[in-house]
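> Residue-level listing of the chains:
Number of protein chains: 4
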Amino acid sequence: MKIESLRIRKEMKVFDLVEAFTLSAFNARRLGDSAKLWKRMIEDDAFIFFTFAGAMIPAGMREIISGTIELGFAHSIVTTGANIVHEICESLGYSHEIGSEKANDPELAERDLNRIYDVFIPTSAFFAVEEFLSKVFGEISGNLSSYEILWEIGSKLENSFLRVAFEKRVPVFCPTFHDSIAGLHLMLYGKKVVLDYKKDIKKILELCSQNRKMGIIIVGGGVPKNFALQSMLLSKGFDYAIQITTDSPHFGGLSGATLEEAKSWCKIKKDAKVVTIYCDATITLPILFAYLVDSI
Amino acid sequence: MKIESLRIRKEMKVFDLVEAFTLSAFNARRLGDSAKLWKRMIEDDAFIFFTFAGAMIPAGMREIISGTIELGFAHSIVTTGANIVHEICESLGYSHEIGSEKANDPELAERDLNRIYDVFIPTSAFFAVEEFLSKVFGEISGNLSSYEILWEIGSKLENSFLRVAFEKRVPVFCPTFHDSIAGLHLMLYGKKVVLDYKKDIKKILELCSQNRKMGIIIVGGGVPKNFALQSMLLSKGFDYAIQITTDSPHFGGLSGATLEEAKSWCKIKKDAKVVTIYCDATITLPILFAYLVDSI
Amino acid sequence: MKIESLRIRKEMKVFDLVEAFTLSAFNARRLGDSAKLWKRMIEDDAFIFFTFAGAMIPAGMREIISGTIELGFAHSIVTTGANIVHEICESLGYSHEIGSEKANDPELAERDLNRIYDVFIPTSAFFAVEEFLSKVFGEISGNLSSYEILWEIGSKLENSFLRVAFEKRVPVFCPTFHDSIAGLHLMLYGKKVVLDYKKDIKKILELCSQNRKMGIIIVGGGVPKNFALQSMLLSKGFDYAIQITTDSPHFGGLSGATLEEAKSWCKIKKDAKVVTIYCDATITLPILFAYLVDSI
Amino acid sequence: MKIESLRIRKEMKVFDLVEAFTLSAFNARRLGDSAKLWKRMIEDDAFIFFTFAGAMIPAGMREIISGTIELGFAHSIVTTGANIVHEICESLGYSHEIGSEKANDPELAERDLNRIYDVFIPTSAFFAVEEFLSKVFGEISGNLSSYEILWEIGSKLENSFLRVAFEKRVPVFCPTFHDSIAGLHLMLYGKKVVLDYKKDIKKILELCSQNRKMGIIIVGGGVPKNFALQSMLLSKGFDYAIQITTDSPHFGGLSGATLEEAKSWCKIKKDAKVVTIYCDATITLPILFAYLVDSI
Chain A
1 MKIESLRIRK EMKVFDLVEA FTLSAFNARR LGDSAKLWKR MIEDDAFIFF
51 TFAGAMIPAG MREIISGTIE LGFAHSIVTT GANIVHEICE SLGYSHEIGS
101 EKANDPELAE RDLNRIYDVF IPTSAFFAVE EFLSKVFGEI SGNLSSYEIL
151 WEIGSKLENS FLRVAFEKRV PVFCPTFHDS IAGLHLMLYG KKVVLDYKKD
201 IKKILELCSQ NRKMGIIIVG GGVPKNFALQ SMLLSKGFDY AIQITTDSPH
251 FGGLSGATLE EAKSWCKIKK DAKVVTIYCD ATITLPILFA YLVDSI
Chain B
1 MKIESLRIRK EMKVFDLVEA FTLSAFNARR LGDSAKLWKR MIEDDAFIFF
51 TFAGAMIPAG MREIISGTIE LGFAHSIVTT GANIVHEICE SLGYSHEIGS
101 EKANDPELAE RDLNRIYDVF IPTSAFFAVE EFLSKVFGEI SGNLSSYEIL
151 WEIGSKLENS FLRVAFEKRV PVFCPTFHDS IAGLHLMLYG KKVVLDYKKD
201 IKKILELCSQ NRKMGIIIVG GGVPKNFALQ SMLLSKGFDY AIQITTDSPH
251 FGGLSGATLE EAKSWCKIKK DAKVVTIYCD ATITLPILFA YLVDSI
Chain C
1 MKIESLRIRK EMKVFDLVEA FTLSAFNARR LGDSAKLWKR MIEDDAFIFF
51 TFAGAMIPAG MREIISGTIE LGFAHSIVTT GANIVHEICE SLGYSHEIGS
101 EKANDPELAE RDLNRIYDVF IPTSAFFAVE EFLSKVFGEI SGNLSSYEIL
151 WEIGSKLENS FLRVAFEKRV PVFCPTFHDS IAGLHLMLYG KKVVLDYKKD
201 IKKILELCSQ NRKMGIIIVG GGVPKNFALQ SMLLSKGFDY AIQITTDSPH
251 FGGLSGATLE EAKSWCKIKK DAKVVTIYCD ATITLPILFA YLVDSI
Chain D
1 MKIESLRIRK EMKVFDLVEA FTLSAFNARR LGDSAKLWKR MIEDDAFIFF
51 TFAGAMIPAG MREIISGTIE LGFAHSIVTT GANIVHEICE SLGYSHEIGS
101 EKANDPELAE RDLNRIYDVF IPTSAFFAVE EFLSKVFGEI SGNLSSYEIL
151 WEIGSKLENS FLRVAFEKRV PVFCPTFHDS IAGLHLMLYG KKVVLDYKKD
201 IKKILELCSQ NRKMGIIIVG GGVPKNFALQ SMLLSKGFDY AIQITTDSPH
251 FGGLSGATLE EAKSWCKIKK DAKVVTIYCD ATITLPILFA YLVDSI
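As they're listed, the protein sequences go chains A, B, C and D.
Going by this note's numbering, the first residue of the first sequence is number 1, and it counts up by one from there.
Going by this note's numbering, the first residue of the second sequence is number 1, and it counts up by one from there.
Going by this note's numbering, the first residue of the third sequence is number 1, and it counts up by one from there.
Going by this note's numbering, the first residue of the fourth sequence is number 1, and it counts up by one from there.
Among these hints, one or two may not hold up.
Where chains are identical, the list cannot tell them apart; a pair therefore holds if satisfied intra-copy or between any two copies.
[What the hints assert, rightly or not] Pairs of lysine-lysine, BS3-like flavour, derived with a Cα cap of 27 Å:
(1) Lys198 x Lys135
(2) Lys198 x Lys156
(3) Lys102 x Lys269
(4) Lys36 x Lys102
(5) Lys168 x Lys10
(6) Lys102 x Lys270
(7) Lys191 x Lys2
Calculated directly from the structure, the hints in this document are not laboratory data.
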């Protein structure tokens, strides 16, 4: 099949650009192929995990995450403690600010601004999170999974992907909840709560053993990637997988590992269709989402 | 200023997505900022260099290059010998094919297919280039710059950015023309031609010394980046610069060097506005182009 | 100060090469500077955290980790569940094998070989781990931190960095213990055990609040990096920090974040000396270790 | 074959570390394998090309380049104009300085310091180069290849790899000579000289067609990589190849292209032994060189 030179038209839609990408090369083609594969997962009525690591919430991806849940583009989420904390900041009305990676960090520290590359967030936002979580954690008790705690949190928030997940009973797993400011607060204020990851594992193993096509979208490696892939060890393996990463295979770490490698572990089926995009997810995730929105 | 969560609408245009990117973070924001900066260069009536290295032509970017010239988004081009050769292939009716980076290379060699990551091109295409160039080179003589040779080639082709450049008298510099299959052909068939880069240098120095705002768009490093930036050493420096790269500053090479570094060399003005996008250009260049098409 | 051209002598020692690197540039200089900084931490009698993510144990770094503990180059370890599992494999006599990243993964799956880039490990090794852990987990009970569980495991192994850590009472934190095969086994066989990360957090907060110089060596990002850095939020911040990473700052994720960024969060002191090496740790960690061995 | 855990001994030599690396993984193993392969090329009496791009001379690699020629580790060099210019600076007694990538570039510009990542060089060094080259170029005339011009330059310098190359009649190809400050000087002062790359191409084609094993060491991509590999298009292909790069295959550019890809083009033989190291060459090149010094 021929590579077709990209033809850009006036008022071109994201959807049409993505379609054109499938006949180009390198990561543009991978982006196009991923869009079609995600769409196919939905059409095949697959159960889809969506994992994301990296500072996606600070970078402005909140509504894409909540839209992904709301529109049924994914049926379970796995993310990091940091993304949860920053989501709560935003839901409580605190904003991340457009900053610069060239800022003087000791000076930022004196101004109570915390930096995430080119994003700033004032320390006051975390005080608000602490106040909010101290109440939530004070009211709950017992052995709880991360997804149960997150539903509880979501039930208390407006305007958050955690709220949408709560309402739709979509499990949001956070296997690094304890490795975040929220984890420190749980230790301080959740005296009657035991964060019991066994329950998370039990739940995700159940989800993985459904008699249904299984798909996964992996944004950015780390524990979310490993936690979801590993849960397939006791089941049949994923039928489709998409990965967006800025890491490379040749350094040997899990975050950059190819999806093919996961086939040797039987986490992904031998004949599964897989696509990796080597690109910053702040660019590619919105494009994939826009494609799906116009596909349904 | 606040980071605004990206809001994806039905039938969203590329233009609107790019606008939204300017209020996000990381490379999405850099992409948005670049689009606005390129637009401003055009509005300010700047003279704009566009340099590109990497296999952009094989990857399907031909019409974007020719559109860039045609629509006045750039006024001079600097590229590699390889891109010129592959452009001639396409103009002569030979296509690059959708291949796979996992192909068995010795087998491809036996099938006379040459691989560029996930793109294949048959060796027969290069025979056609040889036949074409042997005629062109047989008819010209004297000390010629690369841009003069490329206008000559462009005059003999239909459907090519080289044709458009010829018609609009836009200089296309190719400081690595000799480092390509075309260079081998020049040696074999252009007995009466001397490829005289001094004429290229003289011409680009003239262009750089215009009494006019000067801008540069750099796609992918290498000699094209260096050749254009260095030509400013004897002039005032660029007023604006955009760079799309997948390289990183911390390895010390020129391709990954920041645009700020170029300020220490006075190739870019001290107060120039500069933006670097760390991303595969097959994704970002079409997006920038689509933005400009809707801006004019 | 001048850059000194590297002078390689016959029978040159690693130590002398590293010394020479401090007068070169790019990542060689960073490697040299890191070696001197780690040495200085030891001379200043600092308390040193050593965090490592990525497949360091499969890659043959076991004795460097155990030497680091044994020789007092670090006083607390933070690592991933995967490294723990692979360390147990090795201690039980199962070897990782020299493989190839070009292997056919579905075929490996059929041969019960699991791939980690260019390393293979047979599934049988994990059965041995399961048998071993089922016994260990069957004998313990109560709310236990990851470092207590790892001391317990270490006490049952010969020839392991976990054994050395047990004997020297060096805490090995594993905040992703549950996100590993060992975590699955804990769920299955450790019915009377609650993995209580609150105890890990409490302990590491105590370590961070010592009235003593505090240093950190970060190999490869991820949760280990975040867990250790974040524990300084309630204390004074690290006095020195070294980072070895193959990630880049410009994608906005934590693993690639600069150590300067951590200063804005007050995790590292404003005037702390910090060095990042952008390089595969399989090359640089052994070199740093060899330098230290010859420094004491 | 088993991965052997690295065992670091007191006073360990670089040679022994490299030997140990061959039984490890990831890029440490690649480094070990490369060392053995380069050694084998020498033992097999192969003709070896050594290409280098990137700021190797500013970074302190001068004596490694001259040693490579002197000790017969390579028999022809291909490099960039920039490395030639910086080599002349050093030979004329001007030093590169230990700088910082965090410097303020506009301020550096005002102090007449030019930055190459964390290296500074004063503008005065380039004035000395200009004075030197104006004399050299004033005394020569006719159609000259880059390697002839470089022998001429080498004959006028003490303490330079160009001097060693001149004395040993080792051709140093510089296919981007015109794309450098030296190229500007040639235009200004070498009125009677025509830089004739056809002669370079003719010479390198001859070298490539020797009836002898052919090897290549590629440091850092760019035109030097392409120029040497492409010269094999008309011959049998390389028998062995080593590549040190910080680029990645998945962006589709030549600098990151695998050596396997070059097999599809018949630039490298189908059954050739090839190794790529993904690492900063400032670290790995000295290590390879130290290994060879102890091997002969």
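> Each hint needs a verdict: does it hold in this structure or not?
Going through the hints against the structure:
1. Lys198 x Lys135: For Lys198 and Lys135, the Cα distance is within 27 Å both inside one copy (25 Å) and across copies (19 Å).
2. Lys198 x Lys156: Cα proximity of Lys198 and Lys156: in one copy and across copies (25 Å, 24 Å).
3. Lys102 x Lys269: between (45 Å within a copy, 18 Å between copies)
4. Lys36 x Lys102: Answer is between: at 21 Å across copies they meet the 27 Å cutoff, but 38 Å inside does not.
5. Lys168 x Lys10: between (39 Å within a copy, 22 Å between copies)
6. Lys102 x Lys270: Only across copies: Lys102 and Lys270 sit 16 Å apart there, 46 Å inside one copy, limit 27 Å.
7. Lys191 x Lys2: Neither, since 63 Å and 36 Å both go past 27 Å.
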